[in-house]
Structures are given as structure tokens and as C-alpha cells.
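2 protein chains.
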Amino acid sequence: MVDEGRRRVVVAHVRPDVEGGRFPAKGIVGRPVRVEADLLADGHDLVTGVLEWQGPDAEGWQAVPLVEDGDDRWHAEFVPDRIGRWRFRIVGWVDRFGTFRRDWAARREAGQLTEADRAAGVALLTDLARGSDDAAAAEALRHWARTLAAAEGLEAASAVVFADELAQAVRRGDPRRFATVLDPPREVVVDPEIALVGAWYEMFPRSASPDPGRPGTLADVVARLDYVAGMGFDVLYLPPIHPIGHTRRKGRNDAPEAGPEDPGSPWAVGSEAGGHDAVDPRLGTLEDFDRLVREAAARGIRVAMDLAFQCSPDHPYVRTHPEWFRHRPDGSIRHAENPPKQYEDIYPLDFETPAWPALWQELKRVVEFWIARGIRIFRVDNPHTKPFPFWEWLIGEIKRRHPDVIFLAEAFTRPKVMYRLAQLGFSQSYTYFTWRHDAREIADYVRELTSPPVVDFFRPNFWPNTPDILARDLREGGRPAFIGRLVLAATLSASYGIYGPAFELMERQPREPGSEEYQDSEKYTVRHWDIGRADSLAPLVARINAIRRENPALADNTSVVFHPLDNPAFIAYSKHDATRSNIILVVVNLDWHRTQAGWVDVQLEAWGWPDDRRYTVHDLLTGARYAWQGRHNYVELNPDRLPAHVFRVEP
Amino acid sequence: MVDEGRRRVVVAHVRPDVEGGRFPAKGIVGRPVRVEADLLADGHDLVTGVLEWQGPDAEGWQAVPLVEDGDDRWHAEFVPDRIGRWRFRIVGWVDRFGTFRRDWAARREAGQLTEADRAAGVALLTDLARGSDDAAAAEALRHWARTLAAAEGLEAASAVVFADELAQAVRRGDPRRFATVLDPPREVVVDPEIALVGAWYEMFPRSASPDPGRPGTLADVVARLDYVAGMGFDVLYLPPIHPIGHTRRKGRNDAPEAGPEDPGSPWAVGSEAGGHDAVDPRLGTLEDFDRLVREAAARGIRVAMDLAFQCSPDHPYVRTHPEWFRHRPDGSIRHAENPPKQYEDIYPLDFETPAWPALWQELKRVVEFWIARGIRIFRVDNPHTKPFPFWEWLIGEIKRRHPDVIFLAEAFTRPKVMYRLAQLGFSQSYTYFTWRHDAREIADYVRELTSPPVVDFFRPNFWPNTPDILARDLREGGRPAFIGRLVLAATLSASYGIYGPAFELMERQPREPGSEEYQDSEKYTVRHWDIGRADSLAPLVARINAIRRENPALADNTSVVFHPLDNPAFIAYSKHDATRSNIILVVVNLDWHRTQAGWVDVQLEAWGWPDDRRYTVHDLLTGARYAWQGRHNYVELNPDRLPAHVFRVEP
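Quick mapping for you: the protein sequence lines, in order, are chains U and W. Each residue of the first sequence is one higher than the one before, counting from 1 in the working numbering. Each residue of the second sequence is one higher than the one before, counting from 1 in the working numbering.
If you're looking for bench data, these hints aren't it; they were derived computationally from the structure. Be aware that a few hints might be false.
Unchecked claim - What the simulated footprint calls covered on chain U by chain W, stretch by stretch (three residues with Cβ under 8 Å from a Cβ of chain W suffice, anywhere in the stretch; the number is not a length): (1) 10-20; (2) 110-118; (3) 163-176; (4) 324-330.
Glycine included, every Cβ here is placed at the ideal spot set by N, Cα and C.
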């Protein structure tokens with residue numbers, strides 16, 4: 001602290017930043033983390049600095065010099081090569097030698113150089129050497145001090161002052177007097193790539209039976225893996241596979257009473273057969289589940305588990321831990337409700353219970369149970385109905401021991417709550433994409449997600465449909481809408497998903513007109529899907545997932561650029577990889593009912609291209625190629641053929 | 001910490017905010033401090049909260065309920081009634097009774113109310129009473145629990161549930177279970193109004209002589225006070241009044257050598273006659289200074305002192321504290337320079353000296369010396385050439401004992417450095433206004449200054465000219481430019497200043513074409529000004545300062561609204577007071593050479609007015625009145641008459 005008053009450099013406005021360092025930022029293994037900061041000092045002296053970082057469990061710091069971008073802004077990058085929690089910090093100090101050299105140059109230019117300047121340089125180098133704790137660097141600095149002193153005349157001295165080797169010696173040996181260190185360091189949770197990039201497929205195992213005469217099982221899901229893999233999906237997400245309660249079970253189409261054949265909602269977890277660590281006997285056994293995970297992995301597919309932390313009235317916890325539930329004055333347990341809506345088949349856990357520490361530990365045990373069986377992805381049901389501190393603790397605890405585990409937040413709630421959940425640890429999040437219909441809504445939302453502060457903590461996963469949401473466009477737009485929304489989701493967001501086979505079979509019958517609920521929703525009913533139907537979108541889905549794999553531009557969100565058009569029915573955007581050698585340009589006609597035509601104003605500067613550039617746009621959906629030139633180019637899309645171009649832009 | 005896991009409410013994104021609470025925000029005594037925050041909780045429960053605040057040296061907290069604005073944003077205000085450092089914090093918790101009442105209403109609406117709901121309410125009120133540490137409130141809650149239990153039938157129970165008195169009892173008695181408290185509290189430095197609102201007049205005492213045969217003195221400044229007061233200024237700022245060095249003194253027009261009659265730059269502080277705590281004998285004595293401060297105060301004028309922490313080679317510190325200066329290897333002291341520019345008449349203080357604690361203490365002593373002589377305003381010369389930690393310490397120390405003292409940062413440097421200085425304590429700051437010429441530049445800059453985050457810490461002071469800056473518009477625009485820039489400065493910023501008599505006498509001869517330096521600058525030369533000249537702008541300055549005093553709309557910056565015009569030569573903007581009962585609309589023709597006409601699009605919604613409103617605009621400069629209606633109104637300004645309207649908008 002003795003030098004506090006002489007610490008002249010300020011390090012401020014660091015990025016990535018999540019709430020001023022309160023939460024870690026997010027990174028992907030093998031991808032650069034770009035760090036930025038303001039470095040400020042008083043007066044005219046030059047400042048300089050380094051970015052320092054360390055990996056999980058590392059002790060020392062690696063370092064790289066910061067580069068100035070102007071307006072006192074600096075940046076540098078590091079590439080985390082391991083999954084886990086990384087740390088970085090900025091060190092900034094006054095660049096005494098750089099300042100001396102700059103002033104020397106100015107004096108030389110003005111004919112003001114004197115021997116006093118040379119003497120000042122010799123003194124400075126000697127002082128740097130004295131302060132350095134790198135003996136070799138100190139010796140080098142002393143050598144340069146002698147060389148500067150001995151140079152014959154001021155022109156020869158200038159050659160010494162500007163020698164690259166001298167600058168290198170200073171870089172190595174500078175004792176960084178009165179340096180400012182960003183403290184505490186900032187953290188970056190580095191995840192596997194699947195946390196950012198993945199195509200998800202959701203399906204109900206009980207609807208996977210090839211035989212309309214019986215419900216599906218986990219074994220049927222295994223049999224359907226080739227179908228899912230054939231469409232090119234990375235993640236297979238299953239709604240809860242646990243035993244389902246029978247007390248106050250919901251019937252078909254959410255009927256308040258179930259008939260004898262109604263299977264109940266899988267989100268009403270738990271029965272005499274077990275709770276969150278059990279498999280519904282009608283679906284199979286734990287061993288069947290293990291086999292599914294294995295067989296999926298063999299096809300490059302990860303199984304995502306649903307974490308629905310709530311109980312049916314028949315869940316074992318209700319007997320063993322009644323203190324984990326909220327009771328009425330008459331002693332009965334309160335079911336879930338959002339008055340006047342009643343969810344009699346579900347008891348929420350009471351996170352305000354005095355026994356909360358035991359409850360937290362038990363839920364952590366559940367997660368670890370499935371991790372031990374090979375699960376690395378959890379889709380968390382309604383995380384916004386459990387306290388924020390619980391998720392921060394749970395995800396932190398789990399990732400401390402299993403840093404490759406990721407969590408998807410299924411929170412469709414208020415914007416700030418969604419963002420908070422992402423800040424406190426969720427690896428990726430459902431989004432409002434499902435309800436963003438027109439070009440401006442979509443572009444505004446994507447810009448928000450790909451700009452600070454959101455981009456530093458929130459990874460989107462775009463879903464055109466879910467079992468809860470038969471979106472308006474799909475209800476009203478028919479096949480073109482399914483294709484268009486699929487293209488949008490799959491190319492706007494590095495992670496996207498569909499709920500199938502309802503999606504590829506274009507299921508679009510609402511329970512009632514205007515409702516987002518499906519008629520005969522799988523949430524309450526076993527369905528049988530004819531996945532071999534001739535009009536299935538499965539081949540198109542496969543093509544789009546292949547395009548995603550073949551084009552690294554689509555494996556990131558931040559490069560997105562929107563290209564204006566003179567026709568608001570269209571949306572156009574591009575993405576490119578870091579080297580701009582792979583550029584994808586997507587144009588979608590959002591009018592699902594009519595052919596539209598217009599002129600796109602291609603933002604060539606985004607790719608570093610001149611305005612008169614000639615190039616080819618190669619439609620990866622149809623194979624067609626078009627010769628384009630410059631900014632203004634014609635597009636026309638007939639939704640009955642295809643409502644979208646997915647162009648690879650080829651120079 | 002035992003309840004940490006049950007603390008469900010998050011308090012985030014608090015405003016005012018300066019670097020996440022690292023620095024205090026700024027307030028003005030008697031003016032409301034509006035505090036905003038996000039309050040988030042999981043689930044569907046309602047949240048509620050209070051703003052708590054305490055004044056300087058207070059122990060307890062005062063409180064007011066937060067009000068919800070939507071999107072999880074809440075706000076409340078407090079009015080600091082004393083100068084000094086205030087603190088505030090937010091307390092947020094789950095509103096159990098509010099949630100119960102909301103759910104009761106929903107159930108009642110749906111015909112779902114049962115006796116179980118009444119029982120739950122009785123239990124809740126009893127539980128709130130049990131937790132309350134306000135005995136009277138607890139008794140009231142128990143009374144309401146009994147009343148609810150006793151009500152005959154559910155309709156009577158409803159009347160109890162919705163009774164205002166019950167809500168009040170809850171507000172008083174709610175134990176705020178698991179409340180989240182913003183910790184540490186945020187701080188607000190509450191300043192006297194002069195920190196935000198003031199008209200400044202800068203003049204060189206040595207040019208104040210009425211007798212061209214001798215230089216001016218402090219006594220001459222006293223004699224000129226009526227002139228300054230007559231123009232309506234609040235602050236009289238004097239460049240340094242200390243003894244001036246003679247070694248390497250600069251001559252007329254910055255000549256490297258002074259002639260025998262050249263008085264030297266007042267910023268080359270110190271000679272055998274004394275240093276920063278002395279008065280230049282040619283100007284008078286400390287007693288003369290005291291008299292000036294007294295006489296100014298008698299006219300409602302505060303004297304602002306220049307703090308120029310640098311020394312001439314003849315300053316006493318050079319002998320008594322050579323360790324406070326930077327030395328060359330040959331032992332000589334380094335003068336100030338910004339190569340190739342040389343300031344041989346000035347030795348900068350070396351804030352990197354190992355003796356920095358003694359240096360800091362001495363500079364603090366200097367400030368306290370002048371505070372003891374009645375000075376409450378310091379204009380700090382080049383604060384950006386001294387370390388940030390020094391200013392934070394100095395201003396903090398001074399304001400701890402003298403909270404009514406304010407500091408104006410004369411930093412014309414890079415934007416982030418200017419903002420940092422304001423963050424660490426400067427009460428107000430010089431700005432880039434001097435170089436903002438066209439309408440868009442001016443509007444963009446004012447918007448930046450009046451929006452978060454800048455508005456929470458930076459108070460602008462707009463100067464059309466300074467002794468260092470003969471701005472382009474003034475050089476080239478003649479009398480209309482002087483009038484227009486005066487109107488802009490005085491109405492865009494609650495604090496503004498002019499350097500006179502150069503300003504009101506429209507001095508505009510540069511040292512060389514295009515230079516911002518004045519020919520025969522007072523920095524190096526004694527000038528004699530004919531303040532009685534017939535063409536002086538003094539009467540107009542007086543009128544404008546009177547308008548400022550008479551219209552509270554101009555005593556604040558944040559209400560500013562820019563009104564578009566169809567002619568880019570114009571700028572139009574308005575300000576209003578909190579009740580919108582005082583509205584000032586300014587229109588300036590920025591083309592100083594030609595009459596311009598156009599249509600202003602009055603943003604009536606800013607004043608809560610309908611688009612067809614009829615109103616009068618009353619030009620406070622000319623007395624003319626115009627009947628306007630609605631948004632689109634005609635303006636025409638001939639710069640040779642007056643380039644500006646300063647309208648009072650009268651309904």
C-alpha cells in the first residue's frame with residue numbers, strides 16, 4: 001500500500017464483464033477470449049499493459065501484451081485450452097521507456113536533442129535494470145545502458161534508442177513500477193463447444209413406439225436413434241423419464257381428471273415406483289436408459305436429461321420429507337397454482353423451508369446420480385420458479401467437479417429474470433425467438449443477444465416449437481412457415497432445437513383456435529407419429545444440419561450482420577468465421593403466403609470487401625448459383641417452393 | 001448467513017451508479033435524488049421494497065416504499081436537506097401478504113375461494129405478527145388475523161383482506177423475511193447548488209486597472225465588482241494571484257524571453273515573494289484579497305481560486321523541497337515539456353517522488369489556507385497532469401471537513417480521462433462545448449452529458465472562450481457568433497462561464513490565422529479593456545443572466561429536449577422545471593452570416609401537451625410574442641439583428 005498514491009494507471013471498463021465481475025463470463029474451449037479494458041493515466045506519459053490469465057487449478061499467470069485500439073481502449077486475447085473456470089486480469093503501468101523514446105523522437109525531429117537526453121536515457125535503463133527481478137533481463141538492460149552511453153554522437157545514440165532488441169529487453173525486464181493490477185481477477189467459465197453449438201431434438205419416448213397398439217419405451221428410442229442421427233442432430237432431449245404420479249393426474253388435453261388409459265404428464269414426477277432418480281417402469285429400466293445413452297453416443301448424439309424439480313403427490317419425498325413442501329393450516333400440502341390456474345397433479349418444492357440445506361443437497365445428489373450414468377447435459381424445467389441462490393450454488397458445485405456438464409434454462413419469463421439465470425450459471429437459455437415474427441423484431445432481438453452486456457453471459461438456443469408452444473407462424477403459415485422458421489433458428493443461433501416428430505411432420509392443430517397448446521398434446525397423451533410420411537421435412541432438416549456442420553460461420557453468433565432490404569417481408573443476414581473465408585448469407589421471405597421480390601443492400605464492408613466486388617452466392621439448399629456484384633442485388637422467393645436462400649458467399 | 005439460501009430477491013442495476021458503486025454519485029442539496037433498481041425474484045410471488053437513506057453522520061435509516069415502473073424496475077426519491085456525503089440502500093423482499101391478496105382476488109374472481117384460503121390468510125397474518133419487531137404493528141396484525149377469522153362468510157372475509165388499514169398494518173409490521181439489502185450502501189455527495197448552477201466570469205486582475213498607465217490590482221478588481229455584478233454573475237474566477245517567477249519568464253505572445261516590462265504567466269507560480277499561499281505583491285496583499293472576497297460576497301458573488309499545482313523555478317519549494325521535483329542526471333530540475341514544446345518557466349511537481357505523502361499534505365495545506373480565507377470554489381488547472389489517486393484523496397479530505405467546497409476540473413483532454421476526474425470527485429468540469437459547432441455535434445454532446453452513466457457523476461460547465469481558447473466560431477463569426485455562443489452556453493448548461501472582458505468586448509484577433517491563441521494574450525501581457533464601449537455585449541450578458549435567474553427551467557440540465565428542424569443551420573431545444581410550469585425554448589441560427597428560416601417540429605409530448613395545443617412563445621430577449629399552434633411552427637432569424645430566440649413557452 002505504500003505506493004498506492006503513485007499508482008497512476010487506472011484499469012476500467014473491462015470486458016467480458018458480467019455485473020462488474022460479480023459473475024463469471026462464458027467461454028468455449030479452444031476459442032479465443034477477447035479481453036478489453038480502458039487504461040488511463042494522468043499527463044502525457046505512455047501507458048502499457050499485459051493481459052494475464054491462468055487455467056483451472058493453475059498457480060502462475062501467462063501473459064500477452066495489450067494492444068491499443070485508440071480512445072484509451074486496449075485489448076488482447078487468450079485461448080483457453082481446457083474446460084473449467086479460468087481467470088484473467090489486466091496489469092497496467094506507465095511505460096517509462098516508451099515515453100522516453102517517444103519524447104526522444106519528438107526532440108530529434110525538432111532539433112532539440114542534447115547530451116542531457118542521452119544521459120537521461122542511460123539513467124532510465126540503469127534504473128529499470130535495478131528494479132527488474134529478471135536477472136538476465138537486467139543484465140541486458142545494463143548492456144543497453146552502456147551501449148547508449150558509448151554511442152558516438154547523438155545520431156548513433158538514436159539508433160540505439162530505437163533498436164528493436166532494446167525494446168524487447170525493456171519488455172522483458174521492465175519492473176512495472178507502481179503497476180495497477182485488476183483485483184480480484186475476472187473469471188471465465190470455459191465450456192465444451194456443445195454449450196454454444198448444437199442441434200437439439202426433443203421427443204417423447206412414450207410416443208416412439210412403431211406399434212400404434214402400445215406406448216413407446218426407451219428401447220424404442222434406441223431404435224429411433226438412426227432416424228435422429230440421420231437428420232444430423234447433436235443432442236437428443238427427453239422430457240422427464242421418471243415414474244409419473246397417479247393422484248389427480250391430468251387427462252387428455254389437460255382434462256382435470258384422467259381416464260384409466262391416460263399416462264399423465266411426465267412433469268408430474270414421482271410415484272411409488274420412485275422419484276427423480278428412477279425410470280418410469282413403463283419406459284423401461286435404468287439399464288435401458290444406460291443403453292440409450294451408450295447407443296446415442298455411438299452415433300455422436302448426447303442425451304439431455306430434463307431436471308424438473310417438482311413432485312407429484314405420490315413422489316417418495318412427500319412421505320420421507322414432508323418438510324420440503326408447503327402446507328396449508330389444515331396440514332395438507334399445497335399444490336402448484338398460479339391463480340386461477342391450478343396444477344393439482346404437482347407439488348412444488350418449498351425452497352423457503354427451514355430444511356433447505358438438506359433439500360439442496362438432495363437435488364444435487366439427483367444431478368450427480370445422472371452424471372454418474374453418463375449425462376452431461378441438463379435441460380432445466382422452469383428454473384425461474386426456484387430461488388436464484390439455489391441455481392448459483394447447484395451449477396457452481398456441479399461444474400466444480402464436472403466442468404463439462406452444461407445446463408439449459410427453460411425459462412420463458414420476464415427478460416431480466418431470464419438474463420439473471422444466465423448470469424448465475426446456466427450455460428444456455430431458451431429465448432423469445434419463438435415469438436419474434438417479423439424482420440425487425442427478429443433483428444432487434446438477435447442484436448440484443450449478440451451485443452454487450454448480454455453476449456458475455458447469455459447463450460441462446462432457438463426453438464421454433466416446443467411441446468408447450470405451437471407458435472403462431474407455424475399454426476398459420478403452413479409448410480413454408482415450418483421451413484422458414486427452421487432456417488431462421490438453425491442459422492441465427494449456433495444452438496437451436498425442434499420438438500419432433502411434431503415439427504418435421506408439421507403438426508399444427510391447436511387445441512382451440514389461437515391457442516399455443518397442441519391438440520392432443522403429448523404432454524398428456526401418447527401419440528404415434530408416421531415418421532416415414534412422404535411430406536416430412538426430415539430430409540430438409542438433415543440438409544440444414546449438414547450445412548451447419550460444413551460451415552464454421554454458423555458455429556458462432558457474434559459475427560451476425562443484418563443486410564437491409566427494400567421489402568420488409570424479407571430478412572437477410574450473414575455470418576462469417578474469424579478469417580472471413582467462410583461466409584453464409586441467409587435470406588428468408590417471412591410472408592409465408594406470397595412470392596416476394598426485392599433488393600438486398602449487401603453490407604460488403606462487414607467482410608472487408610469493396611463496393612464493386614463481384615462474387616457468387618451459392619444456395620446450399622438448392623445448389624443454384626447466382627452471380628452478384630456490389631451491394632445491390634435482386635432476390636425473389638416463392639414460399640411454395642422454398643421461402644429461404646441459404647447462400648454460401650464465394651469470392 | 002443462515003438464510004442466504006432463502007434470500008430470493010435480487011437487487012440489481014441500481015441508479016444513480018458510478019462504476020458499480022466504486023465512486024459516489026452527485027446530488028444537490030434540496031433536490032430529489034431519484035433512485036432506481038431492478039427487484040427480481042423467482043416464481044410468481046410479488047416483491048416489494050423500500051429505499052432507505054441517511055444523511056451525513058446520521059446513524060439510522062429513513063425509508064420510503066419503492067414504486068414499480070414495469071419490467072421489474074422500481075424507483076423512489078429522497079431529498080437530501082444538508083450538504084455532505086449521503087448514503088442510500090435498497091431493501092427488497094417477497095411480499096407475502098401482497099401475494100396472498102393478489103391470489104385471493106384471482107380465486108374470488110374464478111369462484112374458487114374456500115375456507116382454506118381464509119385459514120391461510122389468518123395463518124399468514126399471525127406469522128407476520130410473530131416475526132415483527134414492532135410491538136404495536138404486531139398487535140395490529142394479530143387484531144386483523146382475528147378479524148379475518150371472525151368475518152361472517154367469505155365475502156365479509158374479502159372485505160377484510162382488501163381493507164386499506166390491513167395493508168398499512170402489514171406495511172408497518174412486515175418482518176421482511178429473508179430480505180435482500182444492497183450492501184454496501186451507495187453514496188451521494190450532496191453539494192451546494194452552485195456546484196450545478198452558476199454563471200462564471202473570469203478576469204485577470206492585472207488587466208483591471210482603469211488607468212492604462214499602470215497594471216491592475218486586487219483593489220481594481222474590487223472596483224470592478226459592480227460591473228461584474230451588474231452583468232449578473234455568480235462566480236468571479238481569477239487566474240493565479242500568486243507571485244510570478246522571473247527565471248525563464250515568458251514574454252509577450254509566449255516569447256521565449258521576457259522583456260523587462262513583461263509580467264510573466266500567472267501560472268508560473270512562485271518567487272522569492274512566496275508560493276501558492278502568497279499574493280503577488282504587484283496585485284496587493286492578503287488583506288486586499290480578503291477585502292475582495294468580502295466585497296464580492298456582499299454582491300452575491302463568490303470568488304473562485306485557481307489551483308495550479310506547479311512551480312516557477314523561483315518557487316520556495318524548489319529550495320525547501322527539491323525532492324518534490326524531477327531531476328536530470330546532472331542534478332538540474334526538469335522543466336515542463338510536451339516535446340517538442342518546452343515550458344521552461346514551469347517546473348512540474350513530481351508526484352512519483354518517494355516523498356509524495358509530504359507533498360500531498362502540503363498541497364492540502366494550501367487548499368485549506370484559502371478555505372480559511374473564505375474561498376469555497378477552486379478551479380483546478382490541468383488536473384489531468386496529476387495522478388488520479390491524489391485528487392480522490394485531496395477532494396475527499398477537503399470535502400470531509402468542508403463539504404460546501406467545490407472543485408472545477410480544467411481538464412481539456414481525452415474523454416475517458418475527463419470522465420474519470422469527475423468520477424473521483426471533481427464537482428464540475430470544463431467540456432468540449434468550446435469545440436462543438438454544428439447542431440448535431442452540440443445535441444449529441446449534450447445528450448451524452450445528460451444521460452446515464454455520465455449524468456450521475458459529471459456536471460458540465462460550458463465556456464464559449466477561455467484565455468487559452470479563442471474558439472473558431474468567435475474568430476470567424478463576429479458579433480452574431482459571440483451572441484449565439486453565449487446563448488448556447490448559458491441555456492444548455494446550468495453552469496457556464498465567459499472569459500472577459502475579452503468576451504463581452506468581442507476580442508477575436510488570433511495570434512496567427514487559425515490559432516486559438518489570442519493576439520497579445522493576457523496570459524503574458526497586461527491588457528487594458530474599455531469596458532464602457534458602446535458595442536459591448538455586457539447589457540445582453542446581463543439580460544441572459546437575468547433570464548437564467550428568473551427561469552428555474554434553466555437551473556438544471558436533465559430536462560433538455562432537442563426539437564428537430566427542417567433547416568440544419570438551426571438548433572432548437574427546450575428545458576422545463578419539474579412541474580413543467582416553466583418552459584424555455586431556445587432557437588439559435590448557427591449560420592452567423594445569413595438569415596435562415598425554417599420549421600421547428602416542437603416535441604409537445606415532452607411537456608405532456610396534445611398535438612393541437614395553442615400557446616404563446618415569448619422572446620425574453622426582445623419581448624416579442626408569437627402565437628404558435630401544434631408541432632410545426634415557423635422561425636426566421638437574421639444574425640445581424642439577433643441569432644437566437646430565448647422563448648418562454650406560455651400555455
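These are the hints, each one checked on the structure:
As drawn, the segment 10-20 of chain U meets chain W at 4 residues by the rule of a beta-carbon pair under 8 Å; at three or more, the given contact holds. Only residues whose C-beta sits within less than 8 Å of a C-beta in chain W count toward coverage, and the segment 110-118 of chain U has 3 of them, enough to reach three; the restraint holds. Here the segment 163-176 of chain U counts 0 residues with a CB under 8 Å from a CB of chain W, which misses the bar of 3, and the coverage is violated. Given a C-beta distance limit of less than 8 Å, the hint that chain W covers the segment 324-330 of chain U holds, as 3 residues qualify and 3 suffice.
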